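Chemist: Here is what each chain is made of, one letter per residue.
There are 8 protein chains.
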Amino acid sequence: MTMKVYLSGEIHTDWREQIIEGSKDLDVAFSSPVTNHAASDDCGVAILGDEPNKFWHDHKSAKVNAIRTRHGIENADIVVVRFGEKYKQWNAAFDAGMAAALGKSLIVLSQPDHQHPLKEVHAAALAVAEEPRQVVEILNYVLSGKLP
Amino acid sequence: MTMKVYLSGEIHTDWREQIIEGSKDLDVAFSSPVTNHAASDDCGVAILGDEPNKFWHDHKSAKVNAIRTRHGIENADIVVVRFGEKYKQWNAAFDAGMAAALGKSLIVLSQPDHQHPLKEVHAAALAVAEEPRQVVEILNYVLSGKLP
Amino acid sequence: MTMKVYLSGEIHTDWREQIIEGSKDLDVAFSSPVTNHAASDDCGVAILGDEPNKFWHDHKSAKVNAIRTRHGIENADIVVVRFGEKYKQWNAAFDAGMAAALGKSLIVLSQPDHQHPLKEVHAAALAVAEEPRQVVEILNYVLSGKLP
Amino acid sequence: MTMKVYLSGEIHTDWREQIIEGSKDLDVAFSSPVTNHAASDDCGVAILGDEPNKFWHDHKSAKVNAIRTRHGIENADIVVVRFGEKYKQWNAAFDAGMAAALGKSLIVLSQPDHQHPLKEVHAAALAVAEEPRQVVEILNYVLSGKLP
Amino acid sequence: MTMKVYLSGEIHTDWREQIIEGSKDLDVAFSSPVTNHAASDDCGVAILGDEPNKFWHDHKSAKVNAIRTRHGIENADIVVVRFGEKYKQWNAAFDAGMAAALGKSLIVLSQPDHQHPLKEVHAAALAVAEEPRQVVEILNYVLSGKLP
Amino acid sequence: MTMKVYLSGEIHTDWREQIIEGSKDLDVAFSSPVTNHAASDDCGVAILGDEPNKFWHDHKSAKVNAIRTRHGIENADIVVVRFGEKYKQWNAAFDAGMAAALGKSLIVLSQPDHQHPLKEVHAAALAVAEEPRQVVEILNYVLSGKLP
Amino acid sequence: MTMKVYLSGEIHTDWREQIIEGSKDLDVAFSSPVTNHAASDDCGVAILGDEPNKFWHDHKSAKVNAIRTRHGIENADIVVVRFGEKYKQWNAAFDAGMAAALGKSLIVLSQPDHQHPLKEVHAAALAVAEEPRQVVEILNYVLSGKLP
Amino acid sequence: MTMKVYLSGEIHTDWREQIIEGSKDLDVAFSSPVTNHAASDDCGVAILGDEPNKFWHDHKSAKVNAIRTRHGIENADIVVVRFGEKYKQWNAAFDAGMAAALGKSLIVLSQPDHQHPLKEVHAAALAVAEEPRQVVEILNYVLSGKLP
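Protein chains in written order, with this note's numbering: chain A, 3 to 150; chain S, 3 to 150; chain P, 3 to 150; chain E, 3 to 150; chain H, 3 to 150; chain Y, 3 to 150; chain Z, 3 to 150; chain G, 3 to 150.
These are computed hints drawn from the structure, not numbers from a lab.
These figures come from a predicted structure and were not determined experimentally.
Just so it is clear, CB atoms sit at the ideal spot from N, CA and C, and this is done for glycine as well.
Some hints here could point you the wrong way.
What the hints assert, rightly or not - Sample of chain A residues with no beta-carbon within 12 Å of chain S, all distances over it, derived: (1) H14; (2) T15; (3) I22; (4) G24; (5) S25; (6) D29; (7) A48; (8) H61; (9) A68; (10) G99; (11) H124; (12) G147; (13) K148.
As the list claims (entries may be wrong) - Computed spacing ranges between beta-carbons, pair by pair: (14) D29/H to L149/S: 42 to 50 Å; (15) H39/Y to N38/S: 28 to 36 Å; (16) E133/Y to N55/Z: 53 to 61 Å; (17) E23/Z to K88/H: 48 to 56 Å.
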């Protein structure tokens with residue numbers, strides 16, 4: 003039983019690396035968005051031509067990135083969405099909404115002080131974790147039946 | 003041609019009333035979440051019993067609210083998502099993600115200083131407006147073919 | 003906003019009547035299985051001819067009943083499944099599984115001593131109630147935004 | 003022609019092992035829920051933190067288990083559901099309902115004295131067997147065309 | 003509870019009229035193919051121009067008829083397929099296959115001497131009747147819960 | 003039996019009026035894109051603000067128009083696509099592709115000298131007509147069973 | 003580009019072998035029903051127990067066979083349905099109807115004197131051939147672009 | 003992460019070869035229609051028999067080609083549609099419409115002077131490029147996260 007796992011959300015800490023490293027003995031195939039912030043912001047104009055207007059600059063990049071992110075979410079069995087400490091992170095919540103509507107198993111990785119504003123997202127999740135280690139433990143349990 | 007429009011997001015200003023009032027001569031059926039903040043927060047425990055733990059208090063309410071919000075989104079032709087000035091508003095972005103995944107026509111109502119963090123949501127939208135009046139104008143155009 | 007509600011499960015008490023009576027001022031359209039136990043058991047052979055073998059006797063009836071129950075579940079916005087005190091009630095759990103797989107909003111009406119064996123069904127539900135009155139309150143809240 | 007088979011239901015006898023052993027020469031990929039009863043009951047709190055309330059204790063575990071069981075059912079070609087002699091087994095009937103709604107080929111493994119309460123589940127099945135050996139024979143026939 | 007019923011198959015006897023007449027007090031909306039044999043055979047060339055080749059003559063008509071028959075089947079809750087005494091009737095079996103694949107409730111109306119060659123179609127049906135009266139009784143039972 | 007018909011394509015002749023007038027006694031609900039060329043081209047900037055770049059000017063309008071056209075196509079039973087004598091008409095072919103992928107009954111209205119370049123579109127259609135009168139005759143036949 | 007091809011229909015001549023042999027150098031994965039007539043007729047009772055009534059004898063077998071045939075059709079890219087000279091062959095037309103409803107590419111292999119009664123099936127097909135050799139040529143062209 | 007990319011549209015220049023060559027180090031599986039113009043035009047009659055009428059000559063070929071093109075589009079993650087300088091190219095726009103309706107990531111490769119008539123197709127695309135090199139850069143970025 004191979005599990006395909008998409009790792010969505012916050013790109014400023016090493017939570018993806020922790021999960022991937024912790025799951026290295028499991029039959030899991032991970033995918034994720036481009037996590038290079040500058041490349042992600044500029045891919046549209048870098049490839050398809052400059053835009054003087056910031057809206058269209060961002061629009062072109064968001065659409066090119068969507069080729070990757072939608073593929074990742076649509077092909078995943080499990081979508082893990084991480085909410086970090088900073089920024090608006092509406093793209094993370096947007097991905098969670100897509101995952102829920104597509105019937106994916108949703109795991110949310112968030113911190114206690116975000117509990118109230120995340121209640122609708124949590125309500126759609128099959129697990130709410132606070133630490134990357136817990137996500138590894140879930141994957142390990144789901145695949146092997148073994149508890150930590 | 004009747005249009006079913008779901009009005010998602012910010013509940014602290016009268017943007018819904020403006021749109022509904024402005025569209026009163028159009029063949030539109032509006033739906034929306036419960037916009038009474040206190041009722042929305044407490045519906046779960048008020049009906050199904052108290053929870054000492056805030057997580058489960060919120061969880062019960064979020065699920066009861068989901069009965070209404072998912073019905074609204076799944077049955078809509080158009081989903082309008084309003085991002086206001088304050089709060090995390092992850093439920094708004096979550097609704098936008100659901101709408102996009104379900105193939106609904108998405109209209110985002112947001113302000114210019116939120117342009118960058120909303121770029122992924124904007125990229126999935128068929129229109130990005132700043133004023134409720136513009137949403138009315140879109141509905142009027144879509145239904146009657148008339149421009150303001 | 004009309005809600006279509008299918009009332010599945012236990013047929014030996016008046017819980018359906020309580021919910022329908024309590025919701026008489028709401029914009030709800032209820033449907034349910036045939037609750038006449040004898041008719042439900044014998045409809046197949048009564049219409050399509052006797053079967054000496056009990057398996058096929060039951061099989062013919064179960065399939066004729068399925069014409070009605072699947073129509074009810076597939077067309078519902080909300081599926082309420084009631085587990086009573088007695089009997090195996092596997093058809094109730096089967097209906098709950100169908101409702102979950104079809105993305106319906108599931109409300110379970112069950113008693114506390116069934117909590118553990120119903121945990122998988124509860125986990126798929128948006129509300130777990132113990133009294134028909136609570137289902138009425140949920141419907142009232144979902145439609146009107148008003149708490150009891 | 004590889005067949006993916008999910009083995010749902012009763013976890014107290016060796017029926018899964020009998021089927022897997024009997025099918026060892028067939029091109030079948032089996033999956034199943036976690037069958038360690040204690041791990042299955044406690045996985046939620048063991049990984050995500052204790053819950054004093056038994057409802058939420060069970061709820062957390064049921065959701066973590068759902069990551070595995072839904073993956074198994076959704077990816078299966080055939081879902082075998084075994085009803086044993088004891089317990090409520092509503093999760094087995096729930097899985098059967100999901101399998102039916104998702105259009106999976108459903109095989110029910112049950113005993114004669116459960117015939118009447120299982121009639122709705124049997125009516126949705128493509129085969130009703132009493133012995134694990136018969137499930138092996140079905141798999142063998144479906145894959146090789148050979149009868150026992 | 004309104005039921006939409008599509009009446010497919012044999013067009014040489016008055017079985018449709020019997021069912022419609024017998025169901026006149028029920029909340030059923032019937033649809034059917036064009037049962038004027040000559041019009042059905044020639045509609046393509048009559049409207050879209052002659053074809054010297056019989057294959058294309060028939061092809062044009064079969065496609066124009068498909069506009070009606072697919073609409074009927076796709077919008078039905080119940081598809082009744084009648085196999086008569088004569089002719090190949092492959093279009094009836096084709097309609098039954100479409101109905102089965104679309105998850106419609108299938109009722110087959112056939113005679114005993116066709117039992118063996120219809121076994122695959124019967125296996126996909128929720129009822130196998132021999133007389134139009136029985137179809138009326140099923141519709142009556144499904145809608146009212148009353149047995150004959 | 004009501005039929006919902008979407009009239010896509012060429013906007014420079016009165017073919018839509020001919021079909022609507024000719025079908026006035028039939029139970030048909032027609033929809034169509036905005037056929038005011040100037041409004042259709044400028045709706046985006048007129049409502050949502052000017053764009054100096056022609057690409058984004060057109061982009062905004064095309065997306066606002068898509069709210070109406072996708073609603074029309076997705077809700078139609080039949081999609082009629084008219085190819086006229088002039089212009090690229092890629093939007094007409096695009097609509098035909100959407101209709102085909104969504105399983106709609108497609109009727110193409112085109113002229114003989116476009117036969118070869120339209121062969122892939124014709125191959126997906128249930129009827130290929132040259133005159134609006136023929137579309138009326140098809141609708142009349144499909145609804146009433148009567149030939150002209 | 004691998005093509006999955008299901009070979010449905012007549013089981014009394016070697017048409018399947020001809021197609022498989024002719025396609026041996028192509029990247030095609032074939033599947034088919036059990037073509038051993040006796041095994042196919044008796045698989046149900048041989049595995050699941052005798053039935054004195056011929057209807058249920060056939061019913062049990064038809065359902066066991068459906069596990070294989072539905073898997074084959076649902077997983078195919080192309081469904082080839084062969085109509086032979088004899089028998090009612092309603093299962094072949096039923097399979098064609100399923101294939102059409104599921105959006106599979108349908109190839110019909112039939113003889114000229116069956117043209118009229120097969121017109122509805124032909125109208126749903128992407129190719130109508132008379133010889134197994136032509137099916138091989140289609141597969142070869144579709145995969146390699148080469149004509150015979 | 004393997005990407006399946008279908009290359010639709012213009013067949014008179016070497017744009018496909020440029021993209022495939024430029025992507026040779028990426029984990030991409032390309033598919034495309036038959037690009038031999040003569041074979042594509044004549045495949046129907048070459049395999050299935052002559053047609054004196056040009057419409058049916060083209061019809062037979064278009065349907066045989068559809069076996070390949072629909073397989074390519076339905077199985078693709080990304081559909082690239084190239085509009086060249088000449089011809090009507092309605093099949094390209096038709097493919098783009100299918101891709102959009104099926105939720106594929108659409109990349110359009112077109113030239114500036116076609117901007118206005120392609121606005122509806124562009125509005126459905128996640129990227130609009132002018133050079134094959136840009137498509138390669140998008141694929142490289144989507145797969146590796148690296149910008150040119």
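Chemist: Please go over all the hints and tell whether each is borne out by the structure.
Modeler: Against the structure, the hints:
no.: 1; hint: H14; verdict: 14 Å, holds
no.: 2; hint: T15; verdict: 18 Å, holds
no.: 3; hint: I22; verdict: 23 Å, holds
no.: 4; hint: G24; verdict: 25 Å, holds
no.: 5; hint: S25; verdict: 25 Å, holds
no.: 6; hint: D29; verdict: 27 Å, holds
no.: 7; hint: A48; verdict: 15 Å, holds
no.: 8; hint: H61; verdict: 6 Å, violated
no.: 9; hint: A68; verdict: 6 Å, violated
no.: 10; hint: G99; verdict: 2 Å, violated
no.: 11; hint: H124; verdict: 6 Å, violated
no.: 12; hint: G147; verdict: 27 Å, holds
no.: 13; hint: K148; verdict: 26 Å, holds
no.: 14; hint: D29/H to L149/S: 42 to 50 Å; verdict: 45 Å, holds
no.: 15; hint: H39/Y to N38/S: 28 to 36 Å; verdict: 46 Å, violated
no.: 16; hint: E133/Y to N55/Z: 53 to 61 Å; verdict: 58 Å, holds
no.: 17; hint: E23/Z to K88/H: 48 to 56 Å; verdict: 38 Å, violated
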